[in-house]
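**Q** Next come the chains, spelled out residue by residue.
Number of protein chains: 4
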Amino acid sequence: MEKVFREPVHDFIHVDNQIIYDLINTAEFQRLRRIKQLGTTSAVFHGAEHSRFSHCMGVYHIAKTITDHFSMNYPMEWDPDENLVTQCAALLHDVGHGAYSHTFEGLFETDHEAVTREIITSPSTEVNAVLRRVAPDFPEKVASVIAHEYPNPQVVQLISSQIDADRMDYLLRDSYYTGAVYGQYDLTRILHVIRPVPNGIAFVINGVHAVEDYIVSRYQMYQQVYFHPASRSMEVILKNLLARAKDLYSSQTDYFKITSARLIPFFEQNNNLNDYLSLDDGVMNTYFQTWMTSEDAILSDLAQAYMNRHLLKSVQFAKTDFDKLDQMRELVEQAGFNVKYYTGIHSNFDLPYDFYRPTSDTPRTQIEIIQKDGTLYELSELSPLVASLTGTIHGNRRFYFPKVMLEHEDFRALIKNDSFLPAQK
Amino acid sequence: MEKVFREPVHDFIHVDNQIIYDLINTAEFQRLRRIKQLGTTSAVFHGAEHSRFSHCMGVYHIAKTITDHFSMNYPMEWDPDENLVTQCAALLHDVGHGAYSHTFEGLFETDHEAVTREIITSPSTEVNAVLRRVAPDFPEKVASVIAHEYPNPQVVQLISSQIDADRMDYLLRDSYYTGAVYGQYDLTRILHVIRPVPNGIAFVINGVHAVEDYIVSRYQMYQQVYFHPASRSMEVILKNLLARAKDLYSSQTDYFKITSARLIPFFEQNNNLNDYLSLDDGVMNTYFQTWMTSEDAILSDLAQAYMNRHLLKSVQFAKTDFDKLDQMRELVEQAGFNVKYYTGIHSNFDLPYDFYRPTSDTPRTQIEIIQKDGTLYELSELSPLVASLTGTIHGNRRFYFPKVMLEHEDFRALIKNDSFLPAQK
Amino acid sequence: MEKVFREPVHDFIHVDNQIIYDLINTAEFQRLRRIKQLGTTSAVFHGAEHSRFSHCMGVYHIAKTITDHFSMNYPMEWDPDENLVTQCAALLHDVGHGAYSHTFEGLFETDHEAVTREIITSPSTEVNAVLRRVAPDFPEKVASVIAHEYPNPQVVQLISSQIDADRMDYLLRDSYYTGAVYGQYDLTRILHVIRPVPNGIAFVINGVHAVEDYIVSRYQMYQQVYFHPASRSMEVILKNLLARAKDLYSSQTDYFKITSARLIPFFEQNNNLNDYLSLDDGVMNTYFQTWMTSEDAILSDLAQAYMNRHLLKSVQFAKTDFDKLDQMRELVEQAGFNVKYYTGIHSNFDLPYDFYRPTSDTPRTQIEIIQKDGTLYELSELSPLVASLTGTIHGNRRFYFPKVMLEHEDFRALIKNDSFLPAQK
Amino acid sequence: MEKVFREPVHDFIHVDNQIIYDLINTAEFQRLRRIKQLGTTSAVFHGAEHSRFSHCMGVYHIAKTITDHFSMNYPMEWDPDENLVTQCAALLHDVGHGAYSHTFEGLFETDHEAVTREIITSPSTEVNAVLRRVAPDFPEKVASVIAHEYPNPQVVQLISSQIDADRMDYLLRDSYYTGAVYGQYDLTRILHVIRPVPNGIAFVINGVHAVEDYIVSRYQMYQQVYFHPASRSMEVILKNLLARAKDLYSSQTDYFKITSARLIPFFEQNNNLNDYLSLDDGVMNTYFQTWMTSEDAILSDLAQAYMNRHLLKSVQFAKTDFDKLDQMRELVEQAGFNVKYYTGIHSNFDLPYDFYRPTSDTPRTQIEIIQKDGTLYELSELSPLVASLTGTIHGNRRFYFPKVMLEHEDFRALIKNDSFLPAQK
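Residue numbers (full-length UniProt numbering), protein chains in the order written: chain X, 1 to 425; chain R, 1 to 425; chain P, 1 to 425; chain W, 1 to 425.
In short, the hints are calculated from the structure, not lab data. There could be a bad hint or two in this list.
What the hints assert, rightly or not - Mimicking DSS-like on lysine-lysine, the simulated pairs with C-alpha atoms at most 25 Å apart in a straight line are:
(1) K416/W to K319/W
(2) K313/R to K372/P
(3) K416/R to K3/X
(4) K313/P to K239/P
Unchecked claim - For the chain W half of the interface with chain R, some residues (derived, Cβ under 10 Å), not all of them:
(5) V4
(6) D11
(7) T188
(8) R189
Unchecked claim - Stretches of chain R that chain X covers, calculated by requiring three or more beta carbons in the stretch to come under 8 Å of a beta carbon on chain X:
(9) 28–39
(10) 50–62
(11) 172–180
(12) 240–254
(13) 268–282
Just so it is clear, CB atoms sit at the ideal spot from N, CA and C, and this is done for glycine as well.
Excised from the complex, chain X in its bound form (with noise of 0.2 Å):
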């Protein structure tokens, strides 16, 4: 069999294997259609309004190119019997995302690595029925490939590592969908230079600089796109907005099942699988449509604000800033705002780039790059670029407060001086 998918930004994805085409047409997969894949981001790049959906089939496709390419051309240091478990485990590794995943996990203590796992796992669900049918421990293994415990190191690290099929595809995408085109790197070229090696996968030598270019467009997304004030402050509303229902759920308990059934199993800290899979945006966004005519002022007007895009606005602070941010809330609160729901903080970094530190809590497995003689040198020692990047957290903290603030003569010369500021940590 063969279906073809058309999209825009691999332009044809082929699936040639009956157990990925199921895998696709299950309920757990489709329901990724309804759960965009950067949230609140639309809100501010109007464009990036895309899925998981499609994200999940970019990376299966990326996983497909590679492990073709490395069954054709390099049969002795990778074996094709890895093939389908990679192609699986690339297709699914996000299935168990969320609606707002992130926002709704700090909340509700959901674990979205958790759910892909169990959705993978456990006998309940079509997308187990499917990979049961390959062999019975099957299931397990995609699930291990994704849980980093797979024993063969070149697959783990084709899903999950600093350059994976998972990146590779979300950052071509949401350049994309959002128009920024400095996420624009040269998938094809890597594509090509990807080798398998005895520990891992590397680059050979003549790729290094799509290699160089790779990180460093992700450095410019994460700055840009994935770290904009405004998305940022979508979702402070959406945290506090969720917050104030839980927190008003005891008293209100009737309003709520009435209102958003769905969302009773996590106001109680009582959920289960089938609860988490019948969340989407769509359910959310309902709910929150009817709250905006909540008796509630507080709910009602977070919703509206929500669902409107009234933004909260927003001042950079450094670490340091206590007394400054307590002179902030105590102004805000004067002005007649309940502090807990009309602002809040959002700390965004991240580690562009690290090598291999074994006594690292978290260490990373670096990028290899293959010289023409056959040794690997990680790849910070060949790109200055890339060693100025590496090691380093980039990114800041921002307080958010009530657009109205603004107009008060105090709280204006307290952020006097938001400048854009270096990166800090």
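On the provided structure of chain X, position chains R, P and W as indicated by the hints.
**A** Structure of chains R, P and W alone, referenced to chain X:
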């Protein structure tokens, strides 16, 4: 003021008028973020998940580019006082679109164009409040542009004609998001050669090929994307699903009141503007998810088919194939399906271009090309390609049925000649 | 071995056969770097300065992609032993092109197709020496493909038909370098649906729109780029310039022997392969620069006009306009110009597509589309757009004259109706 | 008047000033069509055959876009009377470039910048005649902009600084024609955030990432395209070939007078502007072709190597490797090669960016970023990526030798460690 929106189709969209910016921030306009531009087509072209919000922003951008160009370069032929009304009409031309409009309107007798006018002219909307700040009669003016009743034909043609800002944007945008390259044409060139003339707009001769390419691109997008059999399958399922719910409503009123409250006014054919605005893709999908567990076997089955993309199959037929259709329906019935909900006819036809035919019921404004000596020619006189598409209708009729019927020998015999057929009226 | 050539149209061109690599490195093939693909067109579209070398590399790349695809996926319908001969023919199909071939051939009775065969089969060339390493009769085989005499029609059609590797590359390439977007079509799709069939090649039905778009794109490139009046003006000047030199040769033999030695064999109509290969754009332009200071006023004036791009103006005429042409020539003569060297007729016509007409003098191999049930349809039966272009000739005749004539009232009266006219035979 | 030039990098270039149009049509400017922008690089990246003409058109286009933008939006900070001088300087900044300038200048002590000024200010040129029509002192004004001596630093910086119209065009253009995607950056964004400030130009903070990306792109183009070992090999051969001809000239004067007349003034170090302007790539290549049959074995061999692309091989070395270089040269000599003509050293270094260092010999104008409060920051203060490239020199030294030396065991032992090395000073 100036606000810049980054997006992939037009790169940057500039808003330098407070009225426009405030219109974008109204609840009615923000709601368009929750309605997909291409409806069920994103189930086939998975990259095409963009919303009507993005499209409307693009139409505004094109209208602004043209009106700015006219104001600067053709001060004698164009009145700059028309800029704002043109830009507002461009931005708002689709503001009345609802969730899955096409299917929904057929079933519930709503009319998104009437809703558009109502949103603009009704004193209860945020959109109307913003427009009234320009002048008390400004909302009516904007509405009359969209209704083709505005006295200045230049403005009307920019918003609604065979080559208007609406079409210019959706072709490029749908092409970008589906990955269908044939939808691309040279917008930059068209925006350079467009000119105001006494009774409308026209295009300078040295851009005639860009205009020709636009007509051809539009034709190709219709044949390949908009008329795709699989997305029409989704439309048939959706229509049958909603029809089933409507039919069940009288006997299961409580069930629907609890599970799908916002549809009640439509089931009862007693809805107002607020009812209409409370619907969007997410709300509808949330209801369909709930219906997946309904006790009515047909409702739950169709809801599952729609949400998890289990398509009906289809065959093309000619308008004289009454007997064949009857035979197919009978076989479907015999196989245990209720033909009302498990089959459907979907006809798609388009007239790619036509010249002005004064005696037609719906005469079209033809596309005029300005020769070097100032005389006007109608486009198809100059382009054999366009001439081949002029006045001819392209499309087909398809009959949809359950996939399992393909295993039925008699049924297979009936559809065996379903090769690709040339377009037919 | 594997060599990778980076380039913008196909991204990376892979050479993994030593014969191909050695052919690229022959003197005859490297010479193509010094001959522009589009000749005088780069004087109008200044981005289009690419050489025949780039184009030939692209044709090879497409032929390699197709033959690799056939070998892997259609082992029953395609003989992999044909791969090398196909790829060599693709690479070398234009190796006999000379500087400004079009104009040059008309005047000096050379024939670039004959030269191509001679380069391939003559034992004196580097190309022939490389090809002989495959087999003694291999050069003849490659030459017979280019001459349409090779027994396997699949191979012949890949190199020379209405949809061959040559056209597939030049459309994309000329579009890329001119910036004319309408020349873009979906090559990836076409390379996926192309299939070998018993008597040639065909295309699977689900790619029919990509094939249609290719025909339309080709038509548009002809009308807008290849037939552009300004580049034809440069061709007329070039032809007149070379004609003047040829006419002067007998009386000024020494002058030309000193200033333009490599043209002498052509002036004397006594040239061999080496003479031909010693010419390229740079050599010709060097001679023209020298002629700019010739004592012959016409030669120096035309040389300056050509080098510094002083164009003749032109007017379109119908094939029955004998009188008008005579009148224009007479006025030009009266104004003091030698009409032989200061006017010219340039006719450009193209037949965009035709089906097989067995009784035609030059019957064409039609494009075949494979239906799902395996039957073949001729392309224009399935596409109204292609049907509109089938069997019809498009182009025009232009008369070129000195720009100063536009100041002459009687002359202006004669050409006043030169608006853009629909294509005519 | 308005003339439109279609091209692929900027799409359409508009010329609406007769002076600019007439400058384009001068002999000196048209001559740039015959000089490749990237010299020998097109022998490696075969798509990159574009001329200096295209590049100069692009620089003009960018300068026009910026000056139009300044005139409309910053009438207080920018004097529109500077538009024309800026645009003329942009168009003409490279008009003095000659064939293979880099190599040629080293050998014959010409200076393309001095020639540029001479073409502009010498009363004998067509360029000067056009410029004088503006004002008698206008040619001097334009020349002073290019010489950095014009009093208005805004104009000077637009033409020549670390982020000027010249660099903006060549990065995009060379990237487009080579296919090297890493050279792409967001020109649209940069042209939107560029602003005139009292002592020059600056960029608004919200475009800082586009400026950062521009610096990174430039760095990557240098490392991968401009410093490519193979095109440097062609430069070494070219230099040795011209050196051989120069050395032979005194003993074979007649031979060179007949075969390569236009080089004589340079061999005799007695050349004027006309001599310089009579050379271009085509003339040089014509001479080299003739030399291919010279009786001097070295001259003919090098000419053949250059024309047919028989490259020298190379090895990277450190600046302290004197002994190793001596040993290699000795082995080359022993193998029968004249080391003067068959080896060569080629060093390429670039300083990607630097801030203003007043005590430097060649202080650079740093890139300034305007914060929201109006204060200026130097770019590297805000960008860790740029900081990593600031003040550091990147490149390498390579030693070139005949390919056959690779078969020599002692020689191979000397170069065995030529892996890719990090950049070094």
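**Q** Verify this for me: three or more residues of the stretch 172–180 of chain R with a beta carbon less than 8 Å from a beta carbon of chain X.
**A** holds (count 5)
**Q** May I ask you to test the interface hint for R189/W with respect to chain R, counting a Cβ-Cβ separation under 10 Å as satisfied?
**A** Nearest chain R Cβ about 7 Å off; hint holds.
**Q** If you look at each residue in the stretch 240–254 of chain R, do at least three have a Cβ nearer than 8 Å to any Cβ of chain X?
**A** violated (count 0)
**Q** Given the hint that K416/W pairs with K319/W, does the C-alpha gap stay at or below 25 Å?
**A** Within the cut-off at roughly 18 Å; holds.
**Q** Does the nearest C-beta of chain R fall within a distance shorter than 10 Å of the C-beta of T188/W?
**A** Result: holds, 5 Å to nearest chain R Cβ.
**Q** Tell me if the straight-line CA distance from K313/R to K372/P falls inside 25 Å.
**A** Holds - the C-alpha atoms of K372/P and K313/R are around 16 Å apart, at most 25 Å.
**Q** Hinted pair, alpha-carbon criterion (25 Å max): K416/R, K3/X. Please report holds or violated.
**A** Holds, at about 22 Å.
**Q** Given a cut of 10 Å on the nearest C-beta pair, is the interface hint for V4/W held or broken against chain R?
**A** Hint holds; V4/W Cβ to chain R Cβ min 8 Å, cut 10 Å.
**Q** Against chain R, run the beta carbon of D11/W and see if the smallest gap drops under 10 Å.
**A** holds (5 Å)
**Q** Are 3 or more residues of the stretch 268–282 of chain R near chain X, judged by a Cβ distance of less than 8 Å?
**A** holds (count 4)
**Q** Quick check: do three or more residues in the stretch 28–39 of chain R have a beta carbon closer than 8 Å to a beta carbon of chain X?
**A** That given contact holds, which follows from 3 residues of the stretch 28–39 of chain R lying within Cβ reach (below 8 Å) of chain X.
**Q** Please check whether the stretch 50–62 of chain R has three or more residues whose CB lies within less than 8 Å of a CB on chain X.
**A** holds (count 5)
Taken one by one, the earlier hints fail for this structure only at number 12.
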